[in-house]
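> What follows is the residue order along each chain.
Protein chains: 2
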Amino acid sequence: MQGTGQAAPQADYAPTDRTVPTRAPQRASYDRETVHAILDEGYLCHLGFVRDGAPVVLPTLYGRVGERLYVHGSTGSRPLRMTGAADPGLPVCLTVTHVDGLVLARSAFHHSINYRSVVVHGVAHEVTDPEERRVALDAIVDQVVPGRSADSRPANRKELAATAVIRLDLEEVSAKARTGGVGDEPEDLTLPYWAGVVPVQKTYAAPLADPDLAPGTELPGYLTELTK
Amino acid sequence: MQGTGQAAPQADYAPTDRTVPTRAPQRASYDRETVHAILDEGYLCHLGFVRDGAPVVLPTLYGRVGERLYVHGSTGSRPLRMTGAADPGLPVCLTVTHVDGLVLARSAFHHSINYRSVVVHGVAHEVTDPEERRVALDAIVDQVVPGRSADSRPANRKELAATAVIRLDLEEVSAKARTGGVGDEPEDLTLPYWAGVVPVQKTYAAPLADPDLAPGTELPGYLTELTK
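Protein chains in written order, with my numbering: chain P, 850 to 1077; chain H, 850 to 1077.
Looking at chain P on its own, in the form it has when it is part of the complex:
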């Protein structure tokens, strides 16, 4: 990464006790490119943290910049209030999942889904450096629609003051995936039930322009590309 002061990463993330699954370990991967590809295909994560001893899981947007993930929120929101720079940080688990297919086996037991997921464990810290905050907020917008941050009005002082940004480094990370067809037992192959995979796709419909668009405002190329 240029300009972010990050060292060149190793090829793989080092597995740890909590990133090695207790079952189906062959589905786990610590490959950096695999992890980045899964993260880059999404923009919504499920962020888990502990409040009063109990787990909380909230959906939120994220952005990746090299080996750092950023999420943002109102400075008044509960999870972000717990991550001031003066604090030791907030232990979190950030998970991103893509569903690729429904796996319908002849046996109920072997039903499954094809999916790709990334689970990141770590301690989130509030970002206070103005330049890093700017990079992070652009990344979160561009994660949803690449190229969009440069084609919108940047946050002003008041908006920046209302926005908390937290960072989670990609260190304790694993990807997990199921791909391929059904895994029925050999003795079930003659059963008369249909079996196979139903592919799941995420698609975009035609963009709905705001009724108050300034005259002459055209649909930008990055949206034509996204929704074609």
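Calculated directly from the structure, the hints in this document are not laboratory data.
Errors might be hidden in some of the hints.
Note that the list lumps identical chains together, so a pair holds whenever it fits in one copy or between two copies.
[Said to hold, decoys possible] With a straight-line Cα cutoff of 20 angstroms, these simulated SDA-like cross-link-like pairs (lysine to any residue) come out:
| id | residue 1 | residue 2 |
| --- | --- | --- |
| 1 | K1077 | L1057 |
| 2 | K1007 | P995 |
| 3 | K1007 | R872 |
| 4 | K1077 | Q1050 |
| 5 | K1077 | E890 |
| 6 | K1007 | L1038 |
| 7 | K1007 | G938 |
| 8 | K1007 | E1036 |
| 9 | K1051 | E890 |
| 10 | K1007 | R900 |
| 11 | K1007 | P1035 |
| 12 | K1051 | R1016 |
Small disclaimer: the values here were computed from a predicted structure and weren't measured.
Keeping the supplied structure of chain P fixed, place chain H upon it in accordance with the hints.
Then chain H, alone, in the frame of chain P:
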């Protein structure tokens, strides 16, 4: 619910300290039908729990039966090992999220997504009653493809012994949604940036039949319906 011993539910879930959001409270709902509709449209949740004091968030399938959610897993998996009937149960947070649209405002600050989510807080317990386990496992299969459990081979004794089922009652529950168009500041409306909503859709592609289907096995009607 017939046959599950559940009392007729009240119209709304009672809000609690942790189901009332600290921001955008107008987006929250405790309406039972709204919650059920969001849950019934999905089949994948993100399940959070606490392990060694730190949060863990894993994607997993679920099924709804009345006011109960069920998830299953290998009896050897870590979260389920902590929920034996002898235990006090496992505090969890189960979250289901649907993305409906990308909200592109003129200002970077007002970018958002349209979504619907349900967050369930509670204590999960292992299900040991054989009949409730059967109902739960059918529900998890039918949550993915309605009608499928009746058109597959039921789990045998060995498969049942390898499967843990846990239950989470719908008691401390909220839904949250963002709908509608962009929320730009009035003074930004003349800016020359495109603004609007890009609808996000989840679709199915044509089912891919297993190459070893028994001769004469046709695509079932519930799949024709799902993927048309």
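> If a hint holds in the structure, say so; if it does not, say that too.
Going through the hints against the structure:
1. K1077 x L1057: For K1077 and L1057, only the intra-copy Cα distance (14 angstroms) is at most 20 angstroms; the inter-copy one is 24 angstroms.
2. K1007 x P995: Neither way: K1007 and P995 sit 25 angstroms apart in one copy and 49 angstroms across, limit 20 angstroms.
3. K1007 x R872: Between copies only: 17 angstroms across chains, 49 angstroms inside a chain, cut-off 20 angstroms.
4. K1077 x Q1050: both (14 angstroms within a copy, 14 angstroms between copies)
5. K1077 x E890: Within one copy, since 17 angstroms is at most 20 angstroms while 26 angstroms is not.
6. K1007 x L1038: between (64 angstroms within a copy, 18 angstroms between copies)
7. K1007 x G938: So K1007 and G938 fail the 20 angstroms test inside a copy (25 angstroms) and across (45 angstroms) alike.
8. K1007 x E1036: Between copies only: 14 angstroms across chains, 66 angstroms inside a chain, cut-off 20 angstroms.
9. K1051 x E890: Both, since 11 angstroms and 15 angstroms are each at most 20 angstroms.
10. K1007 x R900: neither (29 angstroms within a copy, 39 angstroms between copies)
11. K1007 x P1035: between (64 angstroms within a copy, 15 angstroms between copies)
12. K1051 x R1016: Close neither inside one copy (28 angstroms) nor across copies (30 angstroms); limit 20 angstroms.
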